[in-house]
Amino acid sequence: MTKRRCGSGITRRGLALIRSVEAARRMTQKYDFVVTSGGIGPTHDDITYQSLGVAFNLPLKHHEETKRRMMGMSSPERRKELEEAPAAVREARDRMALFPTQPGGHVVGGEEIDPSKRTDGPTSEVIFVEEDKWVPVVRLGGKVSCDLLPDAARR
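Heads up, the sequence shown is in the numbering used here, so the first residue is 46 and it goes up one at a time.
Hints are computed from structural coordinates only; laboratory data are not their basis. Worth double-checking, as some hints may not be accurate.
[Said to hold, decoys possible] Calculated cross-link-like contacts (lysine-lysine; reagent style DSS-like; alpha-carbon spacing at most 30 Å):
1. 125 to 112
2. 178 to 106
3. 112 to 188
4. 178 to 188
5. 188 to 106
6. 125 to 106
7. 106 to 75
8. 178 to 125
9. 178 to 112
10. 75 to 188
[As the list claims (entries may be wrong)] Now the in silico label distances, taken between C-beta atoms and shown as ranges:
11. 123 to 172: 24 to 34 Å
12. 122 to 66: 38 to 48 Å
13. 127 to 176: 18 to 28 Å
No residue lacks a Cβ here, since even glycine has one placed at the ideal position from N, Cα and C.
Work out the full structure: start from the sequences and follow the hints.
Listed below in structure tokens is the structure:
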């Protein structure tokens, strides 16, 4: 991913493994843009969003459009399995759509949320890069893009 991005005019200033909330804070203070990637994409037990929520002091909230896309892009057989699955299985799946969210909701399509709901804290955005993918890029504070999928990194 680094080679491809550097070839497109983006200069890499650092490459680090972020293992803590403090490391995430330090990286976002030091750099203009930080990308996180778990390697295989979101999983039900991934703690990336949880950790970044703590780092940015943002609560986690389910993103309904992501949940809708996730279900809609599942096969009919898988949707039926999920409808019949125990609540714990459905909750685990829904955790893949649990994102750090600024008070008042995410910035959508680059447009600010209702000013009466805006706070001075960091912004949160959910960006669907491709219509046929349910996994969005989640951008926090205009600097961190979370869970960039490996196939997206190849583009």
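Here is what the structure says about each hint:
1. Of the supplied pair hints, the one linking residue 125 and residue 112 holds, its CA atoms being roughly 15 Å apart against a limit of 30 Å.
2. About 20 Å separates the Cα atoms of residue 178 and residue 106, which keeps this hinted pair within 30 Å; it holds.
3. For the given pair, residue 112 sits about 24 Å from residue 188 by alpha-carbon distance, which is consistent with the 30 Å threshold.
4. Between the alpha carbons of residue 178 and residue 188 the distance comes to roughly 22 Å, so the proposed pair stays at or under 30 Å and holds.
5. Proposed proximity of residue 188 and residue 106 is supported: the alpha carbons are some 20 Å apart, at most 30 Å.
6. As the CA atoms of residue 125 and residue 106 are separated by approximately 25 Å, the hinted pair is consistent with the 30 Å bound.
7. Restraint check for residue 106 and residue 75: satisfied, since their Cα atoms lie roughly 27 Å apart, inside the 30 Å limit.
8. With a C-alpha separation of about 20 Å, the suggested pairing of residue 178 with residue 125 holds against the 30 Å cut-off.
9. The straight-line distance between the Cα atoms of residue 178 and residue 112 is roughly 12 Å, inside the 30 Å bound, and the hint therefore holds.
10. This hinted pair checks out: residue 75 and residue 188 have alpha carbons roughly 11 Å apart, not beyond 30 Å.
11. In this structure, residue 123 and residue 172 meet the distance hint of 24 to 34 Å, their C-beta atoms being roughly 25 Å apart.
12. Taking the beta carbon of each, residue 122 and residue 66 are about 39 Å apart, inside 38 to 48 Å as hinted.
13. In this structure the hint that residue 127 and residue 176 lie 18 to 28 Å apart at CB holds, the actual value being about 22 Å.
The structure meets every hint from the earlier list without exception.
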